[in-house]
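Participant: Sequence:
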Amino acid sequence: SLLTKTYTERAVRFIEMHHDRPFFIYLPHSMVHVPLFVSDDFKDRSGRGLFADVLMEVDWSVGEILRTLEQHHLSENTLVVFSSDNGPWLSYGNHAGSALPLREGKGTSFEGGFRVPTIMRWPGRIPAGTTCDELASTIDILPTVAKLIGAELPEHRIDGLDISELMFSTERVESPHQSFYFYYEGGQLQAVRDRRWKLHLPHGYRTLDSRLGGRNGRPANYRQAKIGPALFDLKTDIGESRNVAAEHADIVERLLATAEVAREDLGDSLTKREGAGRRPAGRLQEGDERLVW
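Letter by letter, the sequence shown follows residues 215 to 507 in the numbering used here.
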């Protein structure tokens, strides 16, 4: 497959065509999502199987884009963000990667399903070698970029917040988010968390019970399980293995109140709540379709 190579070539071409004025590139690689494919240039290169070959090609892609920015002297005037949309699809085994030490993976509200790495690069603006463990989300990218370029946000409400202070500060700065809501499976509010504590609300989830996933593109079957209410201290138990709800009834009560705020605004299909602030999903109208290469 030439997917990764084609995406990369077109992104590089776009930079070369627009390097003399501000531009935005959103490059959502299909890899390393199943089904896995790799170009001949990277086939068997890793010595660790197809998944690692595919990962090497994505790494090459990022390098090509950074090299193009440097060639046009754009590195110090360009914010590069590399992240993911969810954790690994564990049922695919050796074609899925791993979320360890986090629990579970894609399709669940455990940390292995939602927590993803993010790397930001902006020489001269983002201090090199720094890390940040504050709460943030991909929904924060839009309002953050808008702030950086001096653009106004739309009038309707946006859930993301400006996280530029987290990016640029050399001192410890707290996230503008006080809590996060874990919605999944048709609007189910399955969990809530603050900086330290996470409360799973009663819900069903899929699991492999620590079994290995499938092999070579054939998925293994999940088992359906149930959890909740369950409280985890993410500061000391990032793997969500010890339910401490019985020892911290006050924290459970506080996070239940946080969940109720979310239900009033966004609804919750688990408790059959509509939510006063819930809007219908957007729809493309005739004439809205735009494809630019």
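Because the hints were derived from the structure by calculation, they are not lab data.
Every residue, glycine too, gets a C-beta built ideally from N, C-alpha and C.
There may be inaccurate statements among the hints.
[What the hints assert, rightly or not] If you anchor each label on the Cβ, the simulated ranges turn out as follows:
#1 C346 x L280: 16 to 22 Å
#2 D254 x T450: 44 to 50 Å
#3 D254 x P494: 20 to 26 Å
#4 L216 x D464: 52 to 58 Å
#5 S260 x E348: 30 to 36 Å
#6 V458 x E278: 45 to 51 Å
#7 I239 x L216: 18 to 24 Å
#8 S455 x A434: 20 to 26 Å
#9 F382 x D254: 28 to 34 Å
#10 N435 x E385: 35 to 41 Å
#11 A342 x P494: 22 to 28 Å
#12 L314 x E478: 24 to 30 Å
#13 A342 x A365: 25 to 31 Å
[As the list claims (entries may be wrong)] Heads up, simulated PhoX-like pairs for lysine-lysine below, C-alpha to C-alpha not over 25 Å straight-line:
#14 K257 x K219
#15 K320 x K449
#16 K361 x K486
#17 K486 x K440
Participant: With respect to the beta-carbon atoms only, verify the hint that L216 and D464 lie 52 to 58 Å apart.
Facilitator: With a Cβ separation near 57 Å, L216 and D464 satisfy 52 to 58 Å, so the hint holds.
Participant: Does the alpha-carbon distance linking K361 and K486 stay inside the 25 Å limit?
Facilitator: Violated, at roughly 37 Å.
Participant: Could you check the hint for me, namely that A342 and P494 are 22 to 28 Å apart, CB to CB?
Facilitator: violated (44 Å)
Participant: Can the restraint linking K486 and K440 be considered satisfied, given a maximum Cα separation of 25 Å?
Facilitator: holds (19 Å)
Participant: Evaluate the given range 20 to 26 Å for the C-beta pair formed by D254 and P494.
Facilitator: violated (46 Å)
Participant: Could one say that the CB atoms of V458 and E278 fall in the range 45 to 51 Å?
Facilitator: At 47 Å between Cβs, range holds.
Participant: At the C-beta level, are N435 and E385 separated by a distance inside 35 to 41 Å?
Facilitator: violated (49 Å)
Participant: Could one say that the CB atoms of I239 and L216 fall in the range 18 to 24 Å?
Facilitator: With a Cβ separation near 19 Å, I239 and L216 satisfy 18 to 24 Å, so the hint holds.
Participant: Verify the CB-CB distance for A342 and A365 against the hinted window 25 to 31 Å.
Facilitator: Hint holds: Cβ distance 27 Å, inside 25 to 31 Å.
Participant: Check the hint pairing K257 with K219 against an upper bound of 25 Å on the C-alpha distance.
Facilitator: Roughly 13 Å between the alpha carbons, so the hint for K257 and K219 holds.
Participant: Quick check on a hinted range of 24 to 30 Å for L314 and E478, using CB atoms only.
Facilitator: Hint violated: Cβ distance 36 Å, outside 24 to 30 Å.
Participant: Has the given pair, K320 with K449, been kept, meaning a C-alpha gap of at most 25 Å?
Facilitator: Answer holds: K320 to K449 is near 22 Å, not above 25 Å.
Hint violations for this structure: numbers 3, 9, 10, 11, 12, 16, all remaining hints satisfied.
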